[in-house]
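**Student:** Let the hints inform the model, and build the full structure from the sequences given.
Take a look at the letters that make up each chain.
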Amino acid sequence: MTSSPVQILFVLGGARSGKSRYAQGRAEALSRSRVYIATAQPFDAEMQERIACHQADRGAGWQTIEAPLKLPEAITVHSGPDRVVLVDCLTLWASNLLLAEEDAEAATDRLVDAIRSARGPVVLVANEVGLGIVPDNALARRFRDIAGRINQATAAAAHECVAVLAGLPLVLKHPA
Amino acid sequence: MTSSPVQILFVLGGARSGKSRYAQGRAEALSRSRVYIATAQPFDAEMQERIACHQADRGAGWQTIEAPLKLPEAITVHSGPDRVVLVDCLTLWASNLLLAEEDAEAATDRLVDAIRSARGPVVLVANEVGLGIVPDNALARRFRDIAGRINQATAAAAHECVAVLAGLPLVLKHPA
Amino acid sequence: MTSSPVQILFVLGGARSGKSRYAQGRAEALSRSRVYIATAQPFDAEMQERIACHQADRGAGWQTIEAPLKLPEAITVHSGPDRVVLVDCLTLWASNLLLAEEDAEAATDRLVDAIRSARGPVVLVANEVGLGIVPDNALARRFRDIAGRINQATAAAAHECVAVLAGLPLVLKHPA
Numbered sequence: 001m002t003s004s005p006v007q008i009l010f011v012l013g014g015a016r017s018g019k020s021r022y023a024q025g026r027a028e029a030l031s032r033s034r035v036y037i038a039t040a041q042p043f044d045a046e047m048q049e050r051i052a053c054h055q056a057d058r059g060a061g062w063q064t065i066e067a068p069l070k071l072p073e074a075i076t077v078h079s080g081p082d083r084v085v086l087v088d089c090l091t092l093w094a095s096n097l098l099l100a101e102e103d104a105e106a107a108t109d110r111l112v113d114a115i116r117s118a119r120g121p122v123v124l125v126a127n128e129v130g131l132g133i134v135p136d137n138a139l140a141r142r143f144r145d146i147a148g149r150i151n152q153a154t155a156a157a158a159h160e161c162v163a164v165l166a167g168l169p170l171v172l173k174h175p176a
Numbered sequence: 001m002t003s004s005p006v007q008i009l010f011v012l013g014g015a016r017s018g019k020s021r022y023a024q025g026r027a028e029a030l031s032r033s034r035v036y037i038a039t040a041q042p043f044d045a046e047m048q049e050r051i052a053c054h055q056a057d058r059g060a061g062w063q064t065i066e067a068p069l070k071l072p073e074a075i076t077v078h079s080g081p082d083r084v085v086l087v088d089c090l091t092l093w094a095s096n097l098l099l100a101e102e103d104a105e106a107a108t109d110r111l112v113d114a115i116r117s118a119r120g121p122v123v124l125v126a127n128e129v130g131l132g133i134v135p136d137n138a139l140a141r142r143f144r145d146i147a148g149r150i151n152q153a154t155a156a157a158a159h160e161c162v163a164v165l166a167g168l169p170l171v172l173k174h175p176a
Numbered sequence: 001m002t003s004s005p006v007q008i009l010f011v012l013g014g015a016r017s018g019k020s021r022y023a024q025g026r027a028e029a030l031s032r033s034r035v036y037i038a039t040a041q042p043f044d045a046e047m048q049e050r051i052a053c054h055q056a057d058r059g060a061g062w063q064t065i066e067a068p069l070k071l072p073e074a075i076t077v078h079s080g081p082d083r084v085v086l087v088d089c090l091t092l093w094a095s096n097l098l099l100a101e102e103d104a105e106a107a108t109d110r111l112v113d114a115i116r117s118a119r120g121p122v123v124l125v126a127n128e129v130g131l132g133i134v135p136d137n138a139l140a141r142r143f144r145d146i147a148g149r150i151n152q153a154t155a156a157a158a159h160e161c162v163a164v165l166a167g168l169p170l171v172l173k174h175p176a
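One line per chain: the protein sequences are A, B and C, in this order.
Residue 1 is where the first sequence starts when you use this note's numbering, and the numbers rise one by one after that.
Residue 1 is where the second sequence starts when you use this note's numbering, and the numbers rise one by one after that.
Residue 1 is where the third sequence starts when you use this note's numbering, and the numbers rise one by one after that.
Bear in mind the hints are in silico, worked out from the structure with no lab data behind them.
Built from N, CA and C at the ideal position, the CB exists for glycine as well.
One or more hints might be untrue.
[To be verified] If you want the ones that stay clear, here's a sample from chain A, every Cβ over 10 Å from chain C, calculated: (1) SER31; (2) ASP44; (3) ARG50; (4) ILE51; (5) GLN55; (6) THR76; (7) ARG83; (8) ASP145; (9) ASN151.
[Stated by the list, open to error] For the chain A half of the interface with chain B, some residues (derived, Cβ under 10 Å), not all of them: (10) GLY14; (11) ARG16; (12) SER17; (13) ARG21; (14) GLY25; (15) ALA60; (16) TRP62; (17) HIS78; (18) VAL129; (19) ILE133; (20) ALA166; (21) GLY167.
[Said to hold, decoys possible] Pairwise CB distance ranges, derived in the manner of DEER restraints: (22) A/GLU101 x B/LEU69: 45 to 55 Å; (23) C/ALA156 x B/ALA29: 47 to 57 Å; (24) A/ASP57 x B/ALA52: 22 to 32 Å.
**Tutor:** Here it is in structure tokens:
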């Protein structure tokens, strides 16, 4: 990690695609010092259960940080040369930005700056949500636009990009 | 087929992706003795039409078995060393399990056991349904979870896994 | 362009996947004489904004033609040996056909004829809309069927087919 460039890995997948598990496995191979940055907010029982389920999957050895909105700042603070940061996921962050009426474009720029200047490897997970029927309501369409733009910006900044389908990785961008 | 391991092929695709046609072509290349296991239930006119349309596509030389719920059992009974079994599709089966309030996790385990111990080649078709916007209603979210877990388990058990997009195959897992 | 076969490139992607930008880049590399065939109809403010946004992305050097329904005819008229035609997108065309109660199957056949007999390179953009939950309403399901069949027919006729995910191209069909 000392002289090679900091690694940015972007993992993209659908719901229940196995993307989180894949990303976790890759992160664990990068360092024994691990920070998990969660963007989920446990608003209701269903979300609480999903969060608990992911936490159980991760097991020990992970420090968990919650950053529903200030994700770029959390990446900057918690990244380090001998530590891997796993962000799960960018799409819930997009949703949080929208609900908080934040400027999503400016936030995306800050995210890209944060991962590019991170002091250690960063693994980022996102949902692909743009491959179904156009949603009826305007808010869902705005969400889809924001999430898609974040995915494009992150993929452009990443050294490696992997789509996960039915638990199987498909490389979209090979590490140089 | 005598000494080589039984072949499990998993074909994943969206609606109107050409996945059924691709799976059928692959199945027909495997054996002249062909069993089609349908999980669809002709509840209404639209579904009846879709089933009839698929049947016409298959043409002669196929024996059709209906197994809306007891799919693992049907695979075990109908597979054989000189016969190919085509299952279309796992996602309707997931929907049937949910509506019948069956234990989807136990059923998935039985499915994996059945395809692993099948006495001949098995081709399985499934829909990918997790790449759109998060559905509003909780039942659709549960369905998406069940379908996604079935897809992951089947892909893990399969020797070969192919995604079909606009009629074109994309290999996700190469046969060893 | 004189003796080699006319090139048909099909670009498939989700909402906000970067498919239009990718297709435009490929089209610009093919010729300096460029025709953009738009299928969008500026019914409301949101659609007007999206159209204006795409237009600004394209910049100068493009002639814009609107063909919400008579797309095959527009391709035939505007294609030429030293000119590239970019169609964006087939999925809005599918939607327009459905709303105008046109025979979608016959229109798809005319589209395939038009791109096969085009006198110059044609780049076609489409949305993949079949990878989410099955829509509740019958019209959306019909739309999904029509869009999917158009995608399959176009992919079959194309010399090259590329899926775009998070701005990254994934080759589905290599040019011979």
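**Student:** So, for every hint listed, does it hold in this structure?
**Tutor:** Structure-based check of all given hints:
With a minimum CB-CB distance of about 25 Å to chain C, A/SER31 clears the 10 Å threshold, and the non-interface call stands. The beta carbon of A/ASP44 sits about 20 Å from the closest Cβ of chain C, which is more than 10 Å, so the claim that it is off the interface holds. Annotated as non-interface, A/ARG50 keeps its C-beta farther than 10 Å from every C-beta of chain C; the closest such distance is 18 Å. Non-interface status of A/ILE51 relative to chain C is upheld: no Cβ of that chain comes within 10 Å, the nearest being about 23 Å off.
For A/GLN55, the requirement that its beta carbon stay farther than 10 Å from each beta carbon of chain C is met, with the minimum near 27 Å. A/THR76, annotated as away from the interface, keeps every beta carbon of chain C farther than 10 Å; the closest lies near 23 Å. Distance check on A/ARG83: its Cβ is at least 26 Å (rounded) from any Cβ of chain C, clearing the 10 Å threshold; non-interface status holds. For A/ASP145, the shortest C-beta to C-beta distance to chain C comes to about 5 Å, within the 10 Å cut-off, and the non-interface label is violated.
Interface exclusion of A/ASN151 from chain C breaks down, the closest Cβ pair being 4 Å apart, not more than 10 Å. Nearest Cβ of chain B to the Cβ of A/GLY14: about 3 Å, under the 10 Å cut. The hint holds. For A/ARG16, the interface hint holds, since its Cβ comes within 10 Å of a Cβ in chain B; the closest pair sits about 2 Å apart. Hint on A/SER17 holds. Least Cβ distance to chain B is approximately 6 Å, under the 10 Å limit.
With a least beta-carbon distance of about 9 Å to chain B, the hint placing A/ARG21 at the interface is held under the 10 Å criterion. A distance limit of 10 Å between C-beta atoms decides the matter here; for A/GLY25 the minimum to chain B is near 14 Å, and the interface restraint is violated. Taking 10 Å as the C-beta contact cut-off toward chain B, the hint placing A/ALA60 at the interface is violated, the least distance being around 24 Å. Proximity of A/TRP62 to chain B is violated relative to the hint, the smallest CB-CB distance being about 22 Å (cut-off 10 Å).
For A/HIS78, the shortest C-beta to C-beta distance to chain B is roughly 27 Å, which exceeds 10 Å, and the interface hint is violated. Because the beta carbon of A/VAL129 sits about 5 Å from the nearest beta carbon in chain B, less than 10 Å, this interface hint is met. Because the closest C-beta pair between A/ILE133 and chain B is about 7 Å apart, less than 10 Å, the hint holds. Below 10 Å, beta-carbon pairs count as interface contacts, and A/ALA166 has one with chain B at about 4 Å; its hint therefore holds.
This hint holds: A/GLY167 has a C-beta 4 Å from the nearest C-beta of chain B, less than the 10 Å allowed. Between A/GLU101 and B/LEU69, the C-beta spacing of about 47 Å keeps the proposed range 45 to 55 Å intact. Separated by about 19 Å at the C-beta atoms, C/ALA156 and B/ALA29 break the suggested range of 47 to 57 Å. In this structure, A/ASP57 and B/ALA52 break the distance hint of 22 to 32 Å, their C-beta atoms being roughly 43 Å apart.
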